[in-house]
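Colleague: Now for the letters of each chain:
2 protein chains.
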Amino acid sequence: MTRPSCGIGHPAFDPSLYLVTDPVLCAAGGLAETVAAAIAGGVTMIQYRAKDRDLRSALAEAATLAELAKQAGVPLIVNDRLDIALAVDADGLHVGQFDMPPEIARGLLGADKILGISVSRPAEIETIDPAMVDYVGLGPVFATATKGDAAAPLGLQQFAKLRQRILLPVVAIGGIGHERASAVIQAGADGIAVVSAICGTADPAAAARQLKKSILDARP
Amino acid sequence: MTRPSCGIGHPAFDPSLYLVTDPVLCAAGGLAETVAAAIAGGVTMIQYRAKDRDLRSALAEAATLAELAKQAGVPLIVNDRLDIALAVDADGLHVGQFDMPPEIARGLLGADKILGISVSRPAEIETIDPAMVDYVGLGPVFATATKGDAAAPLGLQQFAKLRQRILLPVVAIGGIGHERASAVIQAGADGIAVVSAICGTADPAAAARQLKKSILDARP
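Going line by line, the protein sequences match chains A and B.
Numbered per full-length UniProt numbering, the first sequence spans residues 1 to 220.
Numbered per full-length UniProt numbering, the second sequence spans residues 1 to 220.
To be clear, the hints were calculated from the coordinates, so they are not data collected in a lab.
Hints are supplied without guarantee of correctness; some may be wrong.
For identical chains, the list gives no copy identity; a pair is met inside one copy or between any two copies.
[Claimed, not checked] Simulated crosslink set (SDA-like; lysine to any residue; CA at most 25 angstroms straight-line): (1) K212 <-> G42; (2) K147 <-> D22; (3) K212 <-> Q164; (4) K147 <-> S57; (5) K51 <-> E103; (6) K51 <-> P23; (7) K70 <-> G107; (8) K147 <-> D52; (9) K147 <-> D54; (10) K70 <-> A32; (11) K51 <-> K147; (12) K213 <-> G200; (13) K113 <-> D89; (14) K51 <-> D149; (15) K113 <-> I166.
Excised from the complex, chain A in its bound form:
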């Protein structure tokens, strides 16, 4: 895993296969059941994402996933909401460019939690402070249907180019399934974040297993 050369300590985590939950797609077969199956299949990180969900439901779901992730030894990251991350003592927080600023989030999370940030444009890379952030979600690499407000796809070449300018572990996101996983890893991704490639399948454990194999096989 790429580590910043600046000598700052980061919490340990394996970003290889990162499941981002979608409130509809991942709940069809039961949210906890789907996430548990995905972990059994080899998912190494979970992000609880529930935009527009009411707070009490989001808290309950995040707490369930936090417990499940803890037992599996896999980090649970909460998307966007620092209050939910703190309330369920999640392993970390993932913020977008318009969410809580990383320096404020880091101050409230403490040094031991994982903090990730989404990046989709070259100019946003300049603003990343590796002392505040632990990993970068870079994308969308390809077009995606599971995030309505996603930016234009980068494509593989632009992804590879931008990835080289980031001194932190990079998780590729956006339209990545089994068949594209190898190419994305070869383009420099430390891991792949998926929603539908796991949640949109009939067998989340098998889908995770296949993705994990593609990722591990593609590594140099």
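Keeping the supplied structure of chain A fixed, place chain B upon it in accordance with the hints.
Modeller: Only chain B this time, still in chain A's reference frame:
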């Protein structure tokens, strides 16, 4: 000010005249300017309420009001969002029945911050834990136009009856203007929360002064 008899320490605050900001009504003359005028007129507490505002704008506004309130020696309470309250180091948080549960909020805020809860039904009073909460917002006393999801008005008699069952300071809210302030205080309110009675006027300082006088005059 009514204090619980259970011997638990609460942070000191004066709930007499509590301005709750509305993102439209209080921003017409400039949010900070309106709040500053209200404080000059005698407001004793400020609640920053900005449902549906994007996080970065809400953070900026809350930070401005926190600074302003600090200089005036008046507590700034953030409505609903614990993350914003923590981010701007507000003096407290106000939660509704479907927001962050008080026991979780208290754990994350620490003992020194002010925590308030909204109550609008008799059954909700039973759930108040005076060890977790510092004050109760009880209402709507009268019909209100500034909160779309407000419950049915209690009326003055029901307000007085419910107030007696609450062992914490009670702030009356909902449709209370200058002419009704006395009656609400005489019905047992420790303070009055207003939006339009200050923000909906041409002279917020004068409106606050008049309200404050009504409140002080009505006290036994």
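Colleague: My question is about K147 and D52: at a cut-off of 25 angstroms on alpha-carbon distance, are they close within one copy, between copies, both, or neither?
Modeller: Both: 13 angstroms inside a chain and 20 angstroms across chains, each within 25 angstroms.
Colleague: Since the copies are identical, ignore which copy is meant and state whether K212 and Q164 lie within 25 angstroms (CA to CA) inside a copy, between copies, both or neither.
Modeller: within (23 angstroms within a copy, 62 angstroms between copies)
Colleague: Within, between, both or neither: how does the pair K70, G107 come out at a Cα-Cα threshold of 25 angstroms?
Modeller: both (23 angstroms within a copy, 21 angstroms between copies)
Colleague: Taking 25 angstroms as the upper bound on the Cα-Cα distance, should K212 and G42 be classified as within, between, both, or neither?
Modeller: within (6 angstroms within a copy, 63 angstroms between copies)
Colleague: Within a copy, between copies, both or neither: where do K147 and S57 come within 25 angstroms Cα-Cα?
Modeller: Both. Shortest intra-copy (20 angstroms) and inter-copy (22 angstroms) distances satisfy the 25 angstroms Cα cut-off.
Colleague: State whether the alpha carbon distance between K147 and D54 is at most 25 angstroms within one copy, between copies, both, or neither.
Modeller: So K147 and D54 pass the 25 angstroms test inside a copy (19 angstroms) and across (18 angstroms) alike.
Colleague: Classify it for me, K51 with E103: is the Cα-Cα distance of at most 25 angstroms met within a copy, between copies, both or neither?
Modeller: Close inside one copy (22 angstroms) and across copies (24 angstroms); limit 25 angstroms.
Colleague: Give the relationship of K70 and A32 under a CA distance limit of 25 angstroms: within one copy only, between copies only, both, or neither.
Modeller: Within one copy only: 13 angstroms inside, 44 angstroms across.
Colleague: Since the copies are identical, ignore which copy is meant and state whether K51 and P23 lie within 25 angstroms (CA to CA) inside a copy, between copies, both or neither.
Modeller: So K51 and P23 pass the 25 angstroms test inside a copy (8 angstroms) and across (22 angstroms) alike.
Colleague: Since the copies are identical, ignore which copy is meant and state whether K113 and D89 lie within 25 angstroms (CA to CA) inside a copy, between copies, both or neither.
Modeller: both (9 angstroms within a copy, 20 angstroms between copies)
Colleague: Within a copy, between copies, both or neither: which one fits K113 and I166 at a CA-CA cutoff of 25 angstroms?
Modeller: within (20 angstroms within a copy, 40 angstroms between copies)
Colleague: Should K51 paired with D149 be assigned to within, between, both, or neither, using CA atoms and 25 angstroms as the limit?
Modeller: both (11 angstroms within a copy, 20 angstroms between copies)
Violation of the numbered hints given earlier is absent; every hint is satisfied by the structure.
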